[in-house]
Every structure is written in structure tokens, then in C-alpha cells.
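A.B. asks: Below are the chains, spelled out letter by letter.
Protein chains: 2
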Amino acid sequence: MSTQPIDEQTGRAVQVAAEAREFYEGLVAHGLIVPTEVPGGFARGPGFERVLCAFDALVQRETARDGAESLVFPPVIDRRILERVDYLDSFPDLCGVLYSFEGDDRQARELSGRIHRGEPWADRLAMTEVALNPAACYPLYPTMRGTLPPGGRLVTMFNWVFRHEPSPRATRMQAFRVREFVRAGQVDEVLAWRDEWVQRGQALLESLELPAQREVAADPFFGRAGRMLASNQKELKLKYELLLPADSALEPTAVCSFNFHQQHFGSTYGIRTSEGASASSACLGFGLERVTMALFRAHGFDSERWPRPVRHRLWP
Amino acid sequence: MSTQPIDEQTGRAVQVAAEAREFYEGLVAHGLIVPTEVPGGFARGPGFERVLCAFDALVQRETARDGAESLVFPPVIDRRILERVDYLDSFPDLCGVLYSFEGDDRQARELSGRIHRGEPWADRLAMTEVALNPAACYPLYPTMRGTLPPGGRLVTMFNWVFRHEPSPRATRMQAFRVREFVRAGQVDEVLAWRDEWVQRGQALLESLELPAQREVAADPFFGRAGRMLASNQKELKLKYELLLPADSALEPTAVCSFNFHQQHFGSTYGIRTSEGASASSACLGFGLERVTMALFRAHGFDSERWPRPVRHRLWP
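For the record, the sequence lines run as chains A and B. Residue 240 in the working numbering sits at position 240 of the first sequence; the count goes up by one each step and never skips. Residue 234 in the working numbering sits at position 234 of the second sequence; the count goes up by one each step and never skips.
Just so you know, the hints here were simulated from the structure itself, not pulled from any lab data. Note that the structure is a prediction, hence the values are computed from the model and not measured. Don't take each hint at face value.
What the hints assert, rightly or not - Estimated spans, in silico, between C-beta atoms of each pair:
#, chain 1, residue 1, chain 2, residue 2, range
1, A, 207, B, 49, 24 to 30 Å
2, A, 213, B, 229, 53 to 59 Å
3, B, 305, A, 31, 50 to 56 Å
4, A, 264, B, 232, 34 to 40 Å
5, B, 277, A, 220, 47 to 53 Å
6, A, 70, B, 70, 34 to 40 Å
7, A, 316, B, 225, 56 to 62 Å
8, B, 316, A, 14, 49 to 55 Å
9, B, 104, A, 64, 45 to 51 Å
10, B, 250, A, 49, 37 to 43 Å
As the list claims (entries may be wrong) - Covered, in the sense of this in silico footprint (three residues per stretch, anywhere, with C-beta under 8 Å from a C-beta of chain A), are these stretches of chain B:
#, region
11, 64-77
12, 164-173
Glycine residues also receive a C-beta, built at the ideal position from the N, C-alpha and C atoms.
Given these sequences and hints, build the entire structure.
C.D. replies: Here it is as C-alpha cells:
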């Protein structure tokens with residue numbers, strides 16, 4: 001990319017933006033999403049939800065024999081998790097911390113006055129103990145503290161995740177749902193699980209006639225220091241992604257990521273293997289809205305007219 | 001209540017707390033919830049989700065012929081909605097506004113340093129354009145701007161809602177799901193719909209052998225001025241609630257509320273009836289976690305052993 005002349009890059013960006021806008025408008029025209037004033041904060045219509053839920057159910061059917069424990073965490077988590085796992089070192093610009101009002105009657109009147117006069121009121125709220133969950137698996141680790149059973153643990157979750165990255169693109173949402181799996185245990189069993197899942201995830205998407213592309217990937221680390229973290233992450237192959245055309249064919253969208261955390265969470269939260277070592281962990285997550293959009297991209301905006309084998313997989 | 005002697009009130013509060021603790025511990029012991037460090041922020045286990053989803057599906061089956069449009073909004077909404085509907089006048093203490101980091105590399109290092117040294121960092125984030133949704137129906141109204149079709153509109157939603165009220169009680173969550181219905185149109189049709197639903201909601205809960213109690217209710221308005229708002233709300237019968245024993249039999253829990261908004265949202269957002277008047281609106285919401293807890297309270301922690309007619313209603 002960096003070797004392309006500037007005008008070629010600009011031309012490409014213009015094309016991607018046009019493609020993305022057309023796709024967004026298609027989703028709206030078919031009642032699949034309903035725009036709000038929040039970029040990346042549209043409502044999902046029934047046709048969209050029907051596909052999203054069917055894909056999630058498919059993943060659950062395909063993995064039923066794995067015997068994962070199943071949990072749903074609320075969208076808000078302990079703010080200290082962000083502090084302890086160094087989220088704010090790496091992604092400060094994506095975080096969402098909740099502030100609320102803690103004052104008395106007089107201060108409440110003052111707040112109200114400011115708002116009604118259209119004056120700034122950001123300094124009238126206080127930081128609370130909660131933040132939005134930026135990665136589906138984060139709230140799980142503190143609950144794993146202690147010694148894992150022999151063979152480790154496998155947990156699946158269905159959580160809303162938040163990233164503060166307002167964007168006009170349908171695929172870049174501020175809030176979205178993730179079907180997540182977490183494996184914790186000995187390093188070799190965790191790594192084997194992660195690597196096997198890269199294949200398995202790809203096969204699962206291909207069974208829906210989606211041409212998933214695999215890539216070694218990096219997280220969008222913040223700033224100059226972030227570039228080094230990203231290149232280190234790629235070098236160690238800590239992260240793989242599966243990409244699909246969703247709102248742009250020129251610039252495919254990551255719909256699933258597979259992450260090896262080494263002993264980051266194990267050592268932070270005192271999670272030990274049954275042998276007494278600091279536990280390793282890995283996770284994988286399907287971005288459910290993005291998979292749904294990739295299905296609409298591949299097979300058309302009317303799911304009633306999708307290829308029969310795809311429909312059969314989703315609604316058996 | 002206020003006429004009871006102090007020691008009787010205290011005795012009652014102690015009893016309620018004991019009941020509530022026992023219920024919470026029962027949910028945990030049966031794997032129905034998993035505690036986190038956040039009060040009112042526990043994870044939901046598979047047995048809990050199975051009941052919650054079944055109740056929501058029951059409501060959808062029972063209302064299928066109403067022909068409601070169906071939407072899912074993300075947990076975050078436009079912050080200006082809170083400003084425009086006067087939420088921060090009435091419930092400033094319950095709000096959750098999202099703050100994020102907007103600085104540069106140097107400021108990011110400073111933020112990181114503060115966090116690692118355990119110093120305060122609340123003033124390092126900036127208020128964003130988003131807040132958590134405090135009432136399932138709020139994000140809908142701005143999308144209704146303009147003229148309603150003849151007969152008005154009926155919309156159902158399944159949204160996560162946030163209230164900043166940390167509590168050790170299972171029934172008082174910071175984040176929870178609501179199955180919501182909104183009716184917008186002429187005042188008489190809206191009011192008739194709301195009143196009919198109070199009966200219908202009660203019948204629906206009774207069909208699950210839940211002894212719902214109906215009450216004229218008020219919202220938890222903030223401060224001294226709030227007391228007047230609450231008494232006005234009760235006098236005009238703007239809000240009804242259905243209450244059920246959930247974590248306490250002494251102090252039943254509101255599991256469903258029915259609210260008539262007069263023309264509050266219609267005039268704020270320029271929503272007009274097909275006759276050109278400012279639209280009236282009403283909403284009702286089932287607190288899905290609370291209904292689920294009321295079911296566990298009434299029929300026991302093991303849903304496999306619930307009365308056959310209840311099981312048949314939920315899993316036909």
C-alpha cells in the first residue's frame with residue numbers, strides 16, 4: 001500500500017467510500033437497518049436480526065459437542081478491568097467509560113440550567129466504577145481467578161461490545177454483538193485450540209458460500225508506540241483474522257478474529273493451570289453484525305432469495 | 001410506610017435485605033448468575049437465558065397478530081436525546097454518559113502513567129456524543145419525526161437499558177434487557193392501547209401462575225423537585241406497574257410498566273398524527289431479567305421441575 005502513488009491511494013479510498021455508502025443505503029432501503037443520529041449506532045430491523053440470530057444459532061449447533069460453558073455478560077463491566085489489562089495504554093481512543101451525576105439538589109439544578117442554556121456540562125459528571133466492554137472476553141477473566149480444572153476451561157459468550165470509533169460505514173459500529181469462545185489452560189492445549197479454530201471458522205463461513213480470506217493481523221494500537229506493539233503482535237502471530245467482502249469488495253472486513261493472549265490474563269488475574277503454572281488463554285469472536293452484512297453482500301438483500309444450501313444451513 | 005415506627009421500618013428493611021441475599025445466593029448456587037465485581041453487573045448463565053428467551057418468545061407469539069414493527073437498538077444512543085427529553089432534569093443520578101480519550105501521543109503517555117501510578121484520571125477523558133440508553137423506547141422517537149400513517153404506529157424493541165444504581169440486590173441491575181412496545185398516534189387510541197395492555201400484561205403473567213399486582217406508580221425522580229413530579233405523575237395515572245415477588249416477597253418487584261407520555265415526545269421530536277396534531281405516545285416494557293427472576297421465585301430454581309402448564313406456555 002505505502003508504495004502506491006498518492007493519487008492511486010486517494011482514488012481507492014474514494015472508491016471504497018462510494019461502495020460503502022451504496023451498501024449502507026441498500027441496507028436502509030431494504031429495512032435491514034434504521035439510521036439514528038449516532039454514526040455506527042443504527043437500529044437493526046427484523047430481517048437483519050433474523051439472519052444474525054440464525055448465524056449465531058448455527059455456530060452454537062456446530063459447537064454443541066465442544067461442551068462450552070455458556071454466559072451472557074451485560075454491556076457494562078468493572079472499569080478496573082480496563083486499567084488492569086492495560087487497555088488504556090493500547091486503545092485509549094476506543095474506550096468508553098461511564099460518567100454519572102453524584103451531586104446534591106443544588107448541583108442538579110445547576111446541571112439542568114447548563115443543559116437548558118446549551119452550555120457545556122461535561123465537568124458536572126463524575127467517573128463511575130463501570131465502563132463499556134471493549135472486548136467480549138474481558139469480563140470473564142476476573143471470574144476465573146484460581147486454579148482451573150484439569151484440561152482447562154472452555155467458555156462461550158454472547159456479549160455487546162463497544163468501540164468509540166464513529167464512522168459512516170455500516171461495518172464500523174460503535175456497539176455490536178460478538179459470539180465469543182475462550183479457552184484457558186496449558187499453553188500447548190490453548191495454542192492448538194486456537195490454531196484448529198482458524199481452520200474451523202474458515203470452513204464454517206465457507207459452508208455459507210462466503211469466500212473467507214485468512215490473514216495474520218494486528219490490533220489498532222494507539223499512536224507511535226502502538227506501531228511497535230502491532231508489528232510485534234504480527235511477528236508472533238498472536239492474531240489471525242478472517243476477512244470477507246461486506247460493505248466493500250476492495251477493502252474486505254474482518255468478521256472473525258482468533259487471538260492468543262499468552263499468559264497475559266493468567267498472570268494478571270491469578271489464573272493457574274491444574275499443574276500450578278500461570279494459565280495461557282486464547283479467544284475467538286465472530287462479529288455477528290459483520291457476518292450478517294457479509295451474507296447480505298454475498299447473497300443479496302433479500303434472504304428469502306438466497307441460495308437454497310445457504311438457507312438450509314441457516315434455517316434447517 | 002411513613003406512619004410505621006422507625007424500628008418496624010428498620011426491621012422490615014433488615015428482613016427484605018436477608019430475603020434478597022438468600023435469593024441472590026440461590027441464583028448463584030444454581031449457576032443461574034455468575035457474580036462480577038460490579039454490583040448489579042453479574043453474568044447470566046444458560047439456565048437463566050433459557051427462561052428469559054422463552055418468556056420473550058412467548059410475548060412475541062402472543063402479540064404476533066398486533067403487527068408491530070420490530071427493531072433492536074444498540075445499548076448506546078445519541079447523548080442529545082437525554083438533553084432534549086429532559087432526562088437529566090429528572091434522573092441525573094441514573095444516567096451513564098460515555099467519555100473517551102481524544103488526546104495525542106504525549107497525553108496518552110500521561111494518561112497511562114497516571115493509571116499505572118494509581119492516580120486519578122477522570123479529568124483526562126472527554127465527553128463523547130453517546131450515552132447509554134436509560135429507557136428502551138428513547139432512541140425510537142427521533143426516528144419517528146414527521147407525520148405518522150393513519151392509525152399511528154406500533155413498534156416493538158428488544159434493547160439493553162442502563163441505570164446507574166449499583167446495588168447488591170439481584171433485581172436491581174445496572175444493565176438489563178427490556179421487551180418494549182411503543183404506540184404513537186392520536187391521544188384516544190394511544191390511551192386505550194395503554195389501558196388495554198395493563199389488563200393484557202397482567203393476564204400474560206397470570207398465565208405463568210405469577211400473581212401480578214397492579215399499582216399506579218411513579219418514576220424515581222431526583223431530589224426535592226422530583227417529589228412533586230412523582231405525585232403529579234401518580235395523580236394523572238401516567239404510569240402503572242405490575243409487581244411480583246422476585247428477590248423479596250415483602251417488597252415485590254416491578255416487572256412491567258405502562259407509561260402514557262401525553263405529547264412529550266410528539267412535541268419534542270415533531271411527530272404528528274395523520275390529522276396534523278402533535279402525536280401522543282405510550283410505551284410498555286417487560287423487564288426480562290426481573291420476570292425471569294419472578295419465575296424462579298415462584299416455581300423454584302430448577303426450571304425442569306416447574307408446573308407442567310407453565311413449562312408448556314414457555315416451551316410449547
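A.B. asks: Hint by hint, work out which the structure violates, then give me just those numbers in ascending order.
C.D. replies: Of the numbered hints given earlier, those the structure breaks are 3, 4, 6, listed in rising order.
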